[in-house]
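**Student:** In order, the protein sequences belong to chains A and B. Numbered per numbering that gives the first Met the number 0, the first sequence spans residues 0 to 315. Numbered per numbering that gives the first Met the number 0, the second sequence spans residues 0 to 315.
One or more of the hints may lead you astray.
Where chains are identical, the list cannot tell them apart; a pair therefore holds if satisfied intra-copy or between any two copies.
[To be verified] With a straight-line Cα cutoff of 20 Å, these simulated SDA-like cross-link-like pairs (lysine to any residue) come out: (1) 104 / 268; (2) 104 / 267; (3) 106 / 28; (4) 106 / 267; (5) 294 / 5; (6) 294 / 16; (7) 197 / 33; (8) 288 / 255.
Keep in mind the hints are simulated off the structure, nothing from the lab.
Number of protein chains: 2
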Amino acid sequence: MSLDLAAITAAHERIRPHIHRTPVLTSERLDAASGASLFFKCENFQKVGAFKARGATNAVFALDEETARRGVATHSSGNHAAALSRAARLRGIAAHIVMPSNSPKVKVRAVEGYGGRIVFCEPNQRAREEACTRIIAETGATLIHPFENEDVMAGQGTIALELLEDVPDLDFILCPVGGGGVLSGIALAAKGLRPDIKVIATEPAGADDAAQSFQQHQLVYQEQKNTIADGLRTNLGAPNFALVQRYVDDIVTVSDEGIIAAMRTLWETMKIVVEPSGAVPYGAVIEGKIDCRGKRVALILTGGNVDLDALPWMKF
Amino acid sequence: MSLDLAAITAAHERIRPHIHRTPVLTSERLDAASGASLFFKCENFQKVGAFKARGATNAVFALDEETARRGVATHSSGNHAAALSRAARLRGIAAHIVMPSNSPKVKVRAVEGYGGRIVFCEPNQRAREEACTRIIAETGATLIHPFENEDVMAGQGTIALELLEDVPDLDFILCPVGGGGVLSGIALAAKGLRPDIKVIATEPAGADDAAQSFQQHQLVYQEQKNTIADGLRTNLGAPNFALVQRYVDDIVTVSDEGIIAAMRTLWETMKIVVEPSGAVPYGAVIEGKIDCRGKRVALILTGGNVDLDALPWMKF
Numbered sequence: 000m001s002l003d004l005a006a007i008t009a010a011h012e013r014i015r016p017h018i019h020r021t022p023v024l025t026s027e028r029l030d031a032a033s034g035a036s037l038f039f040k041c042e043n044f045q046k047v048g049a050f051k052a053r054g055a056t057n058a059v060f061a062l063d064e065e066t067a068r069r070g071v072a073t074h075s076s077g078n079h080a081a082a083l084s085r086a087a088r089l090r091g092i093a094a095h096i097v098m099p100s101n102s103p104k105v106k107v108r109a110v111e112g113y114g115g116r117i118v119f120c121e122p123n124q125r126a127r128e129e130a131c132t133r134i135i136a137e138t139g140a141t142l143i144h145p146f147e148n149e150d151v152m153a154g155q156g157t158i159a160l161e162l163l164e165d166v167p168d169l170d171f172i173l174c175p176v177g178g179g180g181v182l183s184g185i186a187l188a189a190k191g192l193r194p195d196i197k198v199i200a201t202e203p204a205g206a207d208d209a210a211q212s213f214q215q216h217q218l219v220y221q222e223q224k225n226t227i228a229d230g231l232r233t234n235l236g237a238p239n240f241a242l243v244q245r246y247v248d249d250i251v252t253v254s255d256e257g258i259i260a261a262m263r264t265l266w267e268t269m270k271i272v273v274e275p276s277g278a279v280p281y282g283a284v285i286e287g288k289i290d291c292r293g294k295r296v297a298l299i300l301t302g303g304n305v306d307l308d309a310l311p312w313m314k315f
Numbered sequence: 000m001s002l003d004l005a006a007i008t009a010a011h012e013r014i015r016p017h018i019h020r021t022p023v024l025t026s027e028r029l030d031a032a033s034g035a036s037l038f039f040k041c042e043n044f045q046k047v048g049a050f051k052a053r054g055a056t057n058a059v060f061a062l063d064e065e066t067a068r069r070g071v072a073t074h075s076s077g078n079h080a081a082a083l084s085r086a087a088r089l090r091g092i093a094a095h096i097v098m099p100s101n102s103p104k105v106k107v108r109a110v111e112g113y114g115g116r117i118v119f120c121e122p123n124q125r126a127r128e129e130a131c132t133r134i135i136a137e138t139g140a141t142l143i144h145p146f147e148n149e150d151v152m153a154g155q156g157t158i159a160l161e162l163l164e165d166v167p168d169l170d171f172i173l174c175p176v177g178g179g180g181v182l183s184g185i186a187l188a189a190k191g192l193r194p195d196i197k198v199i200a201t202e203p204a205g206a207d208d209a210a211q212s213f214q215q216h217q218l219v220y221q222e223q224k225n226t227i228a229d230g231l232r233t234n235l236g237a238p239n240f241a242l243v244q245r246y247v248d249d250i251v252t253v254s255d256e257g258i259i260a261a262m263r264t265l266w267e268t269m270k271i272v273v274e275p276s277g278a279v280p281y282g283a284v285i286e287g288k289i290d291c292r293g294k295r296v297a298l299i300l301t302g303g304n305v306d307l308d309a310l311p312w313m314k315f
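For reference, chain A alone in the conformation it holds in the complex (with noise of 0.2 Å):
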């Protein structure tokens, strides 16, 4: 494996005039509520309102120039489709983008807003990797995956790096995870920086497959997923189990009733707009499943995407 410190710092002078630095935002009242120095990386400011973009940005820019004419291809259908399609439309190049066809229009019209090429295929996985095969196979594309790419962990991994030097004294980094791309990518950044500081994954119970595969010590595939958190239901991917068994403290889970509050209590007290996925690590502080009084603890806000006619608490 290719990647290091080196390879992030590297992807972080690539993206650097394409993505937001994005700021960390700091609250006298949860930091009373919890009793510790709270620091929130932004990346719901993001551009496409994710942190996705910094991977996706870095991987596309990172092809050489024969292989970028290709263009590239993807069967995600969330956050990392739009970044990818922005990111080749950045580069000039064509992104083939594969969703099932019973998409929310949303999520087409947002792929469609960057410029990325859909291609529909029948709602299941089978069908999703086939298409997206056939259309590597026809165009040349290069698949970018959405996060077991070395490229993508890279480029999110430079969340690392801003945060580390707005924030030098850091104990605790609590990230989600997910498929582990913005997991590993953080994690090799803060340890290859800093050693002692502790990286905490935090992730919705109904959705703890990287949890039961840190504590078993194997990587373990969950066929159902049950949590609000949309941008969670991903398994774990292999590269990335690596990465966390080397360089991940420790995983944590919290309940979907936490992660609600957790996105309330954000949007209330701090006015903005983070969506499921992004309020857990503050669950994983509300529900007190991390040791955190007294100490310097960052929370990544992954994204800022929901749907403002569909939001949780009005379900509960």
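Knowing the structure of chain A, use the given hints to seat chain B on it.
**Tutor:** Chain B in isolation, oriented as in the chain A frame:
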């Protein structure tokens, strides 16, 4: 009137340790949609969630020691009441807040949370004023009017000082108007520093007493208010009108549909929580009420206090 640019500069020095210097945010997407360069001054991130923290803090800390010891009072029950309670606690004095007996619990809790002493009264304007007069007679407290008080206006005007430090070369400042405290403070400060800036007030069409007053060159009192923008259901104050006539270039009105669309766009695109009153300036841009193509335009996002269980797009 002793309110001038020097008073606003002095207010800024006075309140600086007690308030946030709020950021100015920009959005490529909203710039592209409007054809202008938009600068959003984020008073939704201010202490107590609204610009009212500035004026109340200035008024409380401008009192001499002996006067201050007798406390302060107001018959406002919104953001000003919370801001006055907070400012009084910072100075270690009492804040008497007269509120109607049918006030929403969320407002009562906000004032209590900041240490204000609530005096309930019958839910009509006369009872509120009588209760306030009685409290002042009993305690010797100083009435801090939410917008007619000069120290309050000077405090709100500090927004313009920060804004023009961060973005010196503005063409327009768009500011909501209710009682006119923030509008008159900002207009005075902005014209004092940069006489060529155009200051435009933006007002809900269903509460357009300021627009009518401006057109008719006399203060128009409006009994009925019909707008979602609950912070702007106030009639323009007399001292505020005098300053508006002198320093404000125009007043435009915005429909409630425009206000709601603006609010939703700010949440979705910028990932920030803005209350309906704070979205009125962007509503004016959406509805094409201001010819701002190619211009550099500041918009005052006055506050972010909303009830997340009753968002306006759920009612339409």
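**Student:** One pair to classify: residue 294 and residue 16, alpha carbons no more than 20 Å apart. Within, between, both, or neither?
**Tutor:** neither (34 Å within a copy, 25 Å between copies)
**Student:** How do residue 106 and residue 267 come out at 20 Å by Cα distance, when the copy is not named: within, between, both, or neither?
**Tutor:** Answer is between; shortest inter-copy Cα gap is 14 Å, intra-copy 26 Å.
**Student:** I want to check one pair: residue 106 and residue 28. Are their C-alpha atoms no more than 20 Å apart within a copy, between two copies, both, or neither?
**Tutor:** Answer is between: at 18 Å across copies they meet the 20 Å cutoff, but 35 Å inside does not.
**Student:** Between residue 288 and residue 255, at a C-alpha cutoff of 20 Å, which is it: within one copy, between copies, both, or neither?
**Tutor:** within (14 Å within a copy, 44 Å between copies)
**Student:** Within a copy, between copies, both or neither: which one fits residue 104 and residue 268 at a CA-CA cutoff of 20 Å?
**Tutor:** between (31 Å within a copy, 17 Å between copies)
**Student:** Classify it for me, residue 197 with residue 33: is the Cα-Cα distance of at most 20 Å met within a copy, between copies, both or neither?
**Tutor:** within (18 Å within a copy, 45 Å between copies)
**Student:** Checking an output row: residue 294 and residue 5, CA cutoff 20 Å. Within, between, both or neither?
**Tutor:** neither (29 Å within a copy, 43 Å between copies)
**Student:** Regarding residue 104 and residue 267, is the shortest C-alpha distance of 20 Å or less found within a copy, between copies, in both, or in neither?
**Tutor:** between (28 Å within a copy, 16 Å between copies)
The structure fails to meet hints 5, 6 from the earlier list, while all remaining hints are met.
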